[in-house]
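Protein chains: 2
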Amino acid sequence: MTLLLSNNDAEELLTMPDCIAALEKAYAELAQGMSVSAVNSDAITPTKTPDAIYQLKLMGGVIPGLGVGALRFNSDVIAYRNKRQVKMALAPGARYTGLVILFSIDTGEPLAIIPDGVLQRMRVGAASAIGAKHLARADSRTVGLIGAGWQAGAQVMAITATHRIATVRCYSPTRDKRVAFCREMSERTGVTVLAVDSAEEAVRGADIVLCATNTSQQVFFDHWLEPGMHVGTIRGAELNAAVVKKVDIVVIHDRSLRGVSAVSKSITLPEDRIAIAGMPDIDRLPSLAELVAGITPGRAHAGQTTCFLNLRGIGLQFAAVGDALYRKALAAGRGRELPTDWFTEDVVP
Amino acid sequence: MTLLLSNNDAEELLTMPDCIAALEKAYAELAQGMSVSAVNSDAITPTKTPDAIYQLKLMGGVIPGLGVGALRFNSDVIAYRNKRQVKMALAPGARYTGLVILFSIDTGEPLAIIPDGVLQRMRVGAASAIGAKHLARADSRTVGLIGAGWQAGAQVMAITATHRIATVRCYSPTRDKRVAFCREMSERTGVTVLAVDSAEEAVRGADIVLCATNTSQQVFFDHWLEPGMHVGTIRGAELNAAVVKKVDIVVIHDRSLRGVSAVSKSITLPEDRIAIAGMPDIDRLPSLAELVAGITPGRAHAGQTTCFLNLRGIGLQFAAVGDALYRKALAAGRGRELPTDWFTEDVVP
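Chains as they are written, first to last, in the numbering used here: chain A, 2 to 350; chain B, 2 to 350.
Next comes chain A alone, as it looks inside the complex:
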């Protein structure tokens, strides 16, 4: 049987500590050269909706130590509005199309089919958590959070899983949104999450700064850095080269070949969505896998400033968190069992 799971299943079953544990195993194997990710590959063309593009996005990775591989794909109509990319819910029922398919590497069979929404935020959050575990001060108590969306929520779940956080101060431009976010995240994590009126107010005096916006504009500045501070970003545009150069330790999520996009002639893409302004040598930074494996050093003393660039997601993250969810779903008897024969064949392709 192939297990069809839902975002609800993932929300209810999958915890941030599950994801952190699975990813730590995956990164340790990655550092040894055993886990691998396929190159991220996109195909981008026009679509019917004016000022929008169609994007087919493929990622994949395999973790031999867990015995699984996974494919993650997105089939999206995307508009660019006010320097933000907006995915359009045009599938029937006003829905989005993004899935993770988990495979057994011993039989090849599809073990589970899972929407990518919750897994996506959990793998991003868990990677930030692992970065902070090695780079932020162990006694960090206050977090400055810039952003109040889906990914910002995962950052709160992540950092409260690795550190005994007392207060999160959150800024995002829309007041109602940040207030609602703070209420929700306080309830969810039991940590005080406070809405503040500016990014500077959020980050001033914070032990840990987490940027989790969907903007392509800078939101954190080098003159805001304080001794001992750890800064994390999930989009390169959120900070600039001055921040990266000024901190004592910088680690990037993954250094490997950047994704490759095949783009129709008629399309002009907006500026690079993960570039860090003025930062050409990003490929020489140590990676999270090397940090986890102890190949590159983490924080050595309380006064150091550190930065984790949680950029360049890789396919094996979906194998790790997908497997963690699959095991919990099996144990809990959750999900819809589909005949595996639907997704396999008796002819050699």
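Keep in mind that the hints were calculated from the coordinates and are not lab data. Careful: at least some of the hints might be erroneous.
For chains that are exact copies, the list does not tell them apart, and a pair is met inside one copy or across any two.
Result set (DSBU-like, lysine-lysine): computed pairs, CA atoms no more than 35 Å apart in a straight line [unchecked claim]:
id : residue 1 : residue 2
1  : Lys329    : Lys88
2  : Lys266    : Lys329
3  : Lys26     : Lys329
4  : Lys26     : Lys266
5  : Lys134    : Lys266
6  : Lys134    : Lys49
7  : Lys26     : Lys88
8  : Lys49     : Lys26
9  : Lys49     : Lys329
10 : Lys88     : Lys266
Given the structure of chain A, go ahead and fit chain B onto it with the hints provided.
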């Protein structure tokens, strides 16, 4: 609804002319830079079976003129035996795992889920057919076929769709296999398909030579070339640089970036499976899309020798043939309707 189709549906509904028509449209758009394919990307690791590897293979492509995109993936345990790659049927029921998912580029939704077996052979065959249409003599009557497997069958279907073939002479090393193959293909195409005892006997005097083996050894030699002959191969190892250099016109299926493999450290792959021995400048050859679009010339006179290297498959082929099958299945009321909600989500990933 998302349509779940089977290899049986594809066998019964999809004809070689359907595939040729769909691919001609795709290649014409590709030549204009409108259709695009994602980079082929593999992730390869150890698996439980000794002397075997696990390979997750990802392809994708989008054809705006047809309004569709497609993902094709394979999740295979592969052994290498006697210089051949052997996919192992280890999924439940002794089955293989390979699927095509067809998407609407206007909504993003998954339109159909289709095993890749029949589509795979049809897209390879149809590409060979299109190559032969432009490169072989229009009055070609005899075909020399080397190979008697699944792909060889598609080559017979392909060449009999584009040319009024009188005789196919087929050689493959195992006598019983080639005899059974010839009987089956004669019945299927209505063309005389004869088993012969050597490759040389198959190709001598043939107007068209088609190599469709799964060997990584050379099967066609330059001294077998005759005036006016067209030679096609689906694996580079089947011929060598001497053949390619000697013929008057050579076209390669696709010139774009070769697929990228991420391979676990412990794995040593056998020799490049699509390389042409002694042929480093394959990237400068004209492509099938350019041939279809008239950007590169086809055969000019009856005495020319020509060669089509049907190598480097691209994702958009699966979008083309997948769409052709989907339309026919809709018209015929075939397939199992699955709720599209199973494969979509209401959170923005």
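Here is what the structure says about each hint:
1. Lys329 - Lys88: Both, since 30 Å and 31 Å are each at most 35 Å.
2. Lys266 - Lys329: This pair counts as between: shortest inter-copy Cα distance 30 Å, intra-copy 45 Å.
3. Lys26 - Lys329: Within one copy, since 17 Å is at most 35 Å while 46 Å is not.
4. Lys26 - Lys266: For Lys26 and Lys266, only the inter-copy Cα distance (17 Å) is at most 35 Å; the intra-copy one is 41 Å.
5. Lys134 - Lys266: between (44 Å within a copy, 28 Å between copies)
6. Lys134 - Lys49: Only across copies: Lys134 and Lys49 sit 33 Å apart there, 45 Å inside one copy, limit 35 Å.
7. Lys26 - Lys88: both (32 Å within a copy, 29 Å between copies)
8. Lys49 - Lys26: Between copies only: 19 Å across, 43 Å inside.
9. Lys49 - Lys329: between (41 Å within a copy, 23 Å between copies)
10. Lys88 - Lys266: For Lys88 and Lys266, only the intra-copy Cα distance (21 Å) is at most 35 Å; the inter-copy one is 38 Å.
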